[in-house]
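Trainee: Take a look at the letters that make up each chain.
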Amino acid sequence: GAGVSQSPSNKVTEKGKDVELRCDPISGHTALYWYRQSLGQGLEFLIYFQGNSAPDKSGLPSDRFSAERTGGSVSTLTIQRTQQEDSAVYLCASSRSGSGVYNEQFFGPGTRLTVL
Amino acid sequence: AQKVTQAQTEISVVEKEDVTLDCVYETRDTTYYLFWYKQPPSGELVFLIRRNSFDEQNEISGRYSWNFQKSTSSFNFTITASQVVDSAVYFCAHSKAAGNKLTFGGGTRVLVKP
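Order-wise, the sequence lines are chains A and B.
Numbering-wise (our numbering), the first sequence opens with residue 231 and increments by one.
Numbering-wise (our numbering), the second sequence opens with residue 5 and increments by one.
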């Protein structure tokens, strides 16, 4: 079946603009995660969804970052008033469940965000 | 808080040599999971293996094997008879039993030369 998909694959924006990143998880996966990968910070967790709820938002770096998930499927990560330090690859992952036996996460190809 | 340390930043080997990647973790959880992921040059993280904290049995899967030792908080990963296609960055990760986010190590870049 299809894996996790993300769009766009690349996004270049100007400082101060808002951006939306989209994630389409594997069908039937109830848990969805956002991470970002940058040279200086490595792989960092941002937010976790179980269904449409986000029980763990602890990794969001500031209130400029928000995310939502609708219909237990697609998720959108929004960054408002982008800053140059937001430049990174944003990765989405999904797992069949958020705990227990089926908790291995499968990752999408990522969105490379460049803030000029 | 959890912490995962991969002390080796880069390993270079010649094809057919074995490669062992070290991973040490810190956690206060009594139940947790450990993972290895591979990130080839294409960039997509690929799930390799998962172990539960209550199962220290070490296994071999094809050319991959892993050594999980709770006593030393280590979860090492070995590639036997390496191939050029094994060239990638390998990440060790930890998650709590429920939930949950992955805490990644810094990664080890493996370069397999022909």
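Simulated from the structure, these hints should not be mistaken for laboratory data.
Certain hints may be false.
As the list claims (entries may be wrong) - Pairs of lysine to any residue, SDA-like flavour, derived with a Cα cap of 25 Å: (1) B:Lys100 - A:Glu274; (2) B:Lys74 - B:Gly47; (3) B:Lys100 - A:Ala284; (4) B:Lys100 - A:Leu290; (5) B:Lys42 - A:Gly246.
Trainee: Please flag the earlier hints that this structure goes against, numbers listed from lowest up.
Mentor: 2, 5
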